[in-house]
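What follows is each chain in one-letter form.
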Amino acid sequence: MAETSPQSITQLLLAWSNGDQAALDQLIPQVYQELRRQAEFYLRQERPGHVLQPTALVNEAYLRLIDCDNIQWQNRAQFFAVAAQLMRRILVDFARARDYAKRGGGLRQVSLADAVIAPHQKVADLVALDDALNTLAELDPRQCRVVELRFFGGLKLEEIAEVLKVSVGTVRRDWSLAQAWLYNELKHDT
Amino acid sequence: MTPEQYKRIGDLYHEALAREPDEREAYLAEACAGDEELRRQVEALLVAHEQAEEFLAGPDPSLLNPAPDDRKPMATSGQRFGQFEVVSLLGAGGMGEVYLARDTRLARPIALKLLPAAYMRDADRVRRFKQEARAASATNHPNILTIFDIGETDGAHYIAAEYINGQTLRGRLLQSPMPPREALDVVAQAAAALAAAHEAGIVHRDLKPENIMIRRDGYVKVLDFGLAKLIERRGGWGVGSGEWGKDAIPDSRLPTPHSLPPPLSTPGMVMGTFAYMSPEQARGEEVDGRSDVFSLGTVLYEIVTGRVPFEGRSPAEVMAAVLSHEARPLARYANDVPAELERIVRKALAKDREQRYQTAKDLLIDLKNLKLELEVEARLKRDAQGEAKAGGAPEAETQTYQIPDVMPVPVSLATPSSNSPALREMLEPVGGAVPLDSGFYVLRPTDEKFQQAIARQDSIVLVKGARQVGKTSLLARGLQQAREAGAKVVLTDFQSLSAEYLESIGQLLLTLANAFADQLDLDVSPDEVWKPNRSPGVNFEQYLRREALLKLSAPIVWGLDEVDRLFTCDFGSEVFGLFRSWHNKRALDPSGPWQRLTLAIAYATEAHLFITDLNQSPFNVGTRLQLDDFTFEQVAELNERYGEPLKDKAEIARYYRLLSGHPYLVRRGLHEMVTNNLSLADLEAGAVSDEGPFGDHLHRLLISLNKDAELCDVVRAVLQGKPCPTPESFYRLRSAGLAIGESTRDIRPRCQLYATYLERHLL
Numbered sequence: 007m008a009e010t011s012p013q014s015i016t017q018l019l020l021a022w023s024n025g026d027q028a029a030l031d032q033l034i035p036q037v038y039q040e041l042r043r044q045a046e047f048y049l050r051q052e053r054p055g056h057v058l059q060p061t062a063l064v065n066e067a068y069l070r071l072i073d074c075d076n077i078q079w080q081n082r083a084q085f086f087a088v089a090a091q092l093m094r095r096i097l098v099d100f101a102r103a104r105d106y107a108k109r110g111g112g113l114r115q116v117s118l119a120d121a122v123i124a125p126h127q128k129v130a131d132l133v134a135l136d137d138a139l140n141t142l143a144e145l146d147p148r149q150c151r152v153v154e155l156r157f158f159g160g161l162k163l164e165e166i167a168e169v170l171k172v173s174v175g176t177v178r179r180d181w182s183l184a185q186a187w188l189y190n191e192l193k194h195d196t
Numbered sequence: 021m022t023p024e025q026y027k028r029i030g031d032l033y034h035e036a037l038a039r040e041p042d043e044r045e046a047y048l049a050e051a052c053a054g055d056e057e058l059r060r061q062v063e064a065l066l067v068a069h070e071q072a073e074e075f076l077a078g079p080d081p082s083l084l085n086p087a088p089d090d091r092k093p094m095a096t097s098g099q100r101f102g103q104f105e106v107v108s109l110l111g112a113g114g115m116g117e118v119y120l121a122r123d124t125r126l127a128r129p130i131a132l133k134l135l136p137a138a139y140m141r142d143a144d145r146v147r148r149f150k151q152e153a154r155a156a157s158a159t160n161h162p163n164i165l166t167i168f169d170i171g172e173t174d175g176a177h178y179i180a181a182e183y184i185n186g187q188t189l190r191g192r193l194l195q196s197p198m199p200p201r202e203a204l205d206v207v208a209q210a211a212a213a214l215a216a217a218h219e220a221g222i223v224h225r226d227l228k229p230e231n232i233m234i235r236r237d238g239y240v241k242v243l244d245f246g247l248a249k250l251i252e253r254r255g256g257w258g259v260g261s262g263e264w265g266k267d268a269i270p271d272s273r274l275p276t277p278h279s280l281p282p283p284l285s286t287p288g289m290v291m292g293t294f295a296y297m298s299p300e301q302a303r304g305e306e307v308d309g310r311s312d313v314f315s316l317g318t319v320l321y322e323i324v325t326g327r328v329p330f331e332g333r334s335p336a337e338v339m340a341a342v343l344s345h346e347a348r349p350l351a352r353y354a355n356d357v358p359a360e361l362e363r364i365v366r367k368a369l370a371k372d373r374e375q376r377y378q379t380a381k382d383l384l385i386d387l388k389n390l391k392l393e394l395e396v397e398a399r400l401k402r403d404a405q406g407e408a409k410a411g412g413a414p415e416a417e418t419q420t421y422q423i424p425d426v427m428p429v430p431v432s433l434a435t436p437s438s439n440s441p442a443l444r445e446m447l448e449p450v451g452g453a454v455p456l457d458s459g460f461y462v463l464r465p466t467d468e469k470f471q472q473a474i475a476r477q478d479s480i481v482l483v484k485g486a487r488q489v490g491k492t493s494l495l496a497r498g499l500q501q502a503r504e505a506g507a508k509v510v511l512t513d514f515q516s517l518s519a520e521y522l523e524s525i526g527q528l529l530l531t532l533a534n535a536f537a538d539q540l541d542l543d544v545s546p547d548e549v550w551k552p553n554r555s556p557g558v559n560f561e562q563y564l565r566r567e568a569l570l571k572l573s574a575p576i577v578w579g580l581d582e583v584d585r586l587f588t589c590d591f592g593s594e595v596f597g598l599f600r601s602w603h604n605k606r607a608l609d610p611s612g613p614w615q616r617l618t619l620a621i622a623y624a625t626e627a628h629l630f631i632t633d634l635n636q637s638p639f640n641v642g643t644r645l646q647l648d649d650f651t652f653e654q655v656a657e658l659n660e661r662y663g664e665p666l667k668d669k670a671e672i673a674r675y676y677r678l679l680s681g682h683p684y685l686v687r688r689g690l691h692e693m694v695t696n697n698l699s700l701a702d703l704e705a706g707a708v709s710d711e712g713p714f715g716d717h718l719h720r721l722l723i724s725l726n727k728d729a730e731l732c733d734v735v736r737a738v739l740q741g742k743p744c745p746t747p748e749s750f751y752r753l754r755s756a757g758l759a760i761g762e763s764t765r766d767i768r769p770r771c772q773l774y775a776t777y778l779e780r781h782l783l
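The listed protein sequences correspond, in order, to chains A and B.
First residue of the first sequence? That's 7 in the numbering used here, and the numbers climb one at a time after it.
First residue of the second sequence? That's 21 in the numbering used here, and the numbers climb one at a time after it.
Honestly, the hints are just simulated from the structure, not real lab data.
All residues carry an ideal CB built from backbone N, CA and C; glycine is no exception.
Careful: at least some of the hints might be erroneous.
What the hints assert, rightly or not - Now the in silico label distances, taken between C-beta atoms and shown as ranges:
#  : chain 1 : residue 1 : chain 2 : residue 2 : range
1  : A       : S173      : B       : Q151      : 31 to 37 Å
2  : A       : Q36       : B       : D538      : 37 to 43 Å
3  : B       : E50       : A       : V174      : 41 to 47 Å
4  : A       : N140      : B       : N160      : 52 to 58 Å
5  : B       : T651      : A       : V174      : 38 to 44 Å
6  : A       : A28       : B       : E520      : 27 to 33 Å
7  : B       : A220      : A       : Q39       : 38 to 44 Å
8  : A       : Q39       : B       : L608      : 31 to 37 Å
9  : B       : Q151      : A       : Q39       : 38 to 44 Å
10 : B       : R768      : A       : N140      : 55 to 61 Å
To be verified - Here are a few chain B residues that sit away from chain A, every Cβ distance over 10 Å (derived from the structure):
#  : residue
11 : R44
12 : D55
13 : R59
14 : R352
Unchecked claim - Under 7 Å between C-beta atoms, here's a sample of chain B residues computed to sit facing chain A:
#  : residue
15 : P23
16 : H34
17 : A36
18 : L65
19 : A68
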C-alpha cells in the first residue's frame, strides 16, 4: 500500500470542507488508523512517564497527516473534529479491553493500559464517561459534541464554535452545563 | 429525562449562574414554582459546577498517575521553547529527550531535542558543539539532519531540527532482518553523509544505529553531528545520544547522563556505544574521519549479521575486543554473504587506521559498486527465469516480480551527481512501463487510490489518461500488490494481440478465455466447453464462472491494458456490455462468484480523438482514476533521482514550463540530459527538432492529428489564442492530451513544447 501522503489527506480534508461527503468517508479510516497506531504505540511503551494524552495524540496525528502549508485554521478545526470523535472511540475500546482483561476474560496484554490510559485522574473510568456521553447525546447532541471536541480533541472554545457554527458564548454555556451534568452522572456511577 | 426537561433544567442553571450566589436560591424557588424535582435537579448541577471545576479539561501532567520510579519528562505538551511549541514526546535516551514540536512561526512540525543541563555547564564545550552541529547542517547534504536552531530558554538548552517521519536504524533492525541490498543502501547513504561532513572538517565520533534515521521514503539521515563534543572524555567515553526516534530503546545498556562513567551492566549484555567505537577512540587518542569509517563498519556488520562485531560483558571487555580481537567473518552468522561485502567490512574494520578506507568516500564507492552488482545479478536472474517460463512448462503464476522491500532509492542517487557512472549504469530506457523495481517511479495519489480499489475488490477499476502518462506502470504495481495479497492475476495487453484475434468477437473472447486458462493454470481448456450454438459472450461468461471463479477460492484480478484498441473494433461496445453485465450481476447477487472478479482496465483517452460520438463512452460504471501530468514537485523529485541534471529550482521551473508535467517527456528529457551530458540549454535548443529527443513523440502526435482535418482547425484556433468552437472539440482536445484548461475559452496547449512544435507545423 502506498504511503498516505500529507498532500492526499490534506486534499481530502479540503474536499470535505467544500461539501464533498465522500471525501470524509475516505478521510476517516486514514485518520483512525494513524490515531490508533499512535495510541497503541504509547500503550506499548514500557517507560514510565509515557502517558497517553488524547489531545497530544490528535495534535501529533495532525502534524503527521496534514500538509500544514496548505491549510487554514478552519480546516484544522474540522480535522480535529473528526479526530476527536475517533479518539473517543479508540480510548473507549482500549478501556473496555482493559476491563475485560481485568475480569479474566482476555489474553490481551493490557496491564500497561491501567497505568497510562486515564488522561486525567478525575476521569478514572472512560467507559462510564462514554456511556454518560451517549445519554447526554440523546438529551442535547450539541453538548455531547462540545465535550468530545474539547476533551478528546483538545480544541479551544473558539475552535469548537467554528466547527459547530455557533457563538463562543453558546459553547461556553454548553461546556459548563455538560461538565456539571457529567460530573453528577459519573459520581452516581461510582 | 426528556430533551425538553433537560433544556428546561439547563436554562434555569444558566439563569441561576448569572446571578450572585446568594440570590440563586430565591430565584430558583420562584422559577420552579413548586416543582421540587426540577429544583432539586438544577441545584444538584449548581453544586456539581462548583465541584467539577475543570474536571474534564485537558490533561494536567501533574495529575497523571506517575509511576513510582518515574523520571519526569523535561517538557509538557504546549510548553514553548523559543518559537517552538511542544506537542508530544518522541523518545528519550542518554542525551536528553526528543519531542515532536510545532514551529509556531512557520507552522511546520519539527523535532525538538532538550539537552540535560549537566552537559551545558562548560561554555567552551557548548560553543564547540554548536559550531560543529551548525557546520554539519550547513553542508546541506540530503543525508545529514538539518538543524534549524540551537537555543536556550530559561536555562533549558534545545536543538530544533528537521522532523523525520520514520524510524531509527535501531528500530528498523528490531523489526526484521534487512536484506543485503537494503543494507547497502542504508549504509551507503550514511557514508555519503560522513563524506560530506568530513570534507567540512567534522568528525561524528558517535555513529551507531540509534542516530541513523530512515525516513519513510527510504532516505537516510545521520543525526547528532557534534554532539559527541559535548560529552566526550579522555578515554573516549562516548555516550548514547540515540533518542530522536520513537523506537529509541530506553535502555540500561546506554550509559546515562546521571551516572558517568557508565555502570557495569548486567553480564551478557552488549555495551551500547562502546561497541561502535574505533580502536583509536578506545585508546583515547585524537580521532579523524577514519574513526567514523570504523564505526560505520560495525554498523554494517550488525545490519548483516544481527550482532555487533565486538562484544563483551563489560565496557572493559568490549574495548578489549575492539582493540585486539578480529571480527569474525560475516558468513559465520549470515547466509549468502557476497565475498565483496566480506572484504568491504574487513577493510572498514581494520584496527590500524592506515590500513582502513582512508575516507568515507572510498567506502561509499565500494558500497555503491557492490549494490549495482547485486542489482544487475538480480535482474539477470529474473530475466533468466522469465525466459525459462516462456519456453518451459506452464505455471500458475505467469509473472513473478521481485519487489524490493523499500521503495527504491538507489544508492547512487544518495549523493546526487548526474555525472556519476553508477547512475548512468542504472539508467533504463525511457518509454513503456517503468520497471517494478525502478528507482525512477514517482508515486502519485492515484497509486494509492488504485491499490485501495483493488484491495476493496471493486468490480471495475478504470485507469485512464493520455498516452504515456503512466497507466501501464500503475497497472503493473497494482497487480503486483494484488498478487502479494493472495489474489490470482491475469494480464491481457491488447496492444500485443495480433490483428487476427480482433477480427471477430468470437475469436477475441476465445483468446481471452485461453489467456485465463494459461495464466491461472485452469484444468479445463476453453475448447472443451465452448459450444458453437451459444453466443461467444455466453461461452466466455460460463467458462469464466465455472472454470475460474467457482474453482478458485482466491479473488481474481484481471488487468486489461491498452483497451483503447477495442474502441475501433465493431464489437467493442459488445465486449464492454459484457463487462458491465458482470458488474450488475455482482449487485444482484452479493455472495455470488462475480464478487471475486475485479477488472482493472487501462485505456488512453487519446483514442477519443477517433470517437466522434462522445456519448458512446466505453464505460459508465466502476471506479475511475484519471492519471494526470506530474506536478512541479514530482518533476523536482524525479530530477533528484536522476542526479539533478537540472541544477537548481530556476532550471526545474524552466523545464516544467517547457514540458509541463508530461510524464513521458519529463523522463525522456532527464534521461537524455544524463546520458548525453546535456545542459538544459542544449536540450531546449533541440527540443522541437524531429531528430531531437522528443522528435518521435511529436511526430506521432502530428500524424494522428493530421488524420482529422476538423480537429486540426481547432488546434490552429487554440494556438492563435482563440476559444474552442464547440464543447465537443474542447473535450476532444483535452482527452487527446493536446491541450489543458477548464472550458472552451480557457484552453491552451498542454505544454510549451507542444505549442512551439504545432505552431511550426500547422500555422
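Range hint 38 to 44 Å (beta carbons of Q151 of chain B and Q39 of chain A) holds or violated: Holds: the Cβ-Cβ distance is about 43 Å, inside 38 to 44 Å.
At 10 Å, judged by beta carbons, does R352 of chain B keep clear of chain A as stated? holds, 33 Å
Closest C-beta approach of H34 of chain B to chain A relative to 7 Å, hint status: holds, 6 Å
Would the hint on P23 of chain B be counted as holding, given a Cβ-Cβ threshold of 7 Å to chain A? holds, 5 Å
Within 38 to 44 Å or not, the Cβ separation of A220 of chain B and Q39 of chain A? 41 Å Cβ-Cβ, so the 38 to 44 Å window holds.
Just to be sure I understand the hint, the distance between the Cβ atoms of R768 of chain B and N140 of chain A should be within 55 to 61 Å; is that true here? For R768 of chain B and N140 of chain A the Cβ distance comes to about 56 Å; the hint holds.
So, as I understand it, the hint says A36 of chain B touches chain A; can you test that by seeing if any CB pair is closer than 7 Å? violated, 11 Å
Can you let me know if the beta-carbon spacing of Q39 of chain A and L608 of chain B is within 31 to 37 Å? At roughly 33 Å between Cβ atoms, L608 of chain B and Q39 of chain A fall inside 31 to 37 Å, so the hint holds.
Should the hint that L65 of chain B touches chain A count as held when the rule is a Cβ pair under 7 Å? holds, 4 Å
Against chain A, does R44 of chain B keep a CB gap of more than 10 Å to every residue? Holds, because the least Cβ-Cβ distance between R44 of chain B and chain A comes to about 14 Å, which exceeds 10 Å.
For R59 of chain B, which was marked as not at the interface, is the minimum beta-carbon distance to chain A over 10 Å? For R59 of chain B, whose nearest Cβ neighbour in chain A is about 15 Å away, the distance exceeds 10 Å, so it holds.
Identify whether the interface hint at A68 of chain B stands, where standing means a beta carbon of chain A within less than 7 Å of its own. holds, 4 Å
Consistency with the previously given hints fails for numbers 1, 3, 6, 17, ordered from lowest to highest.
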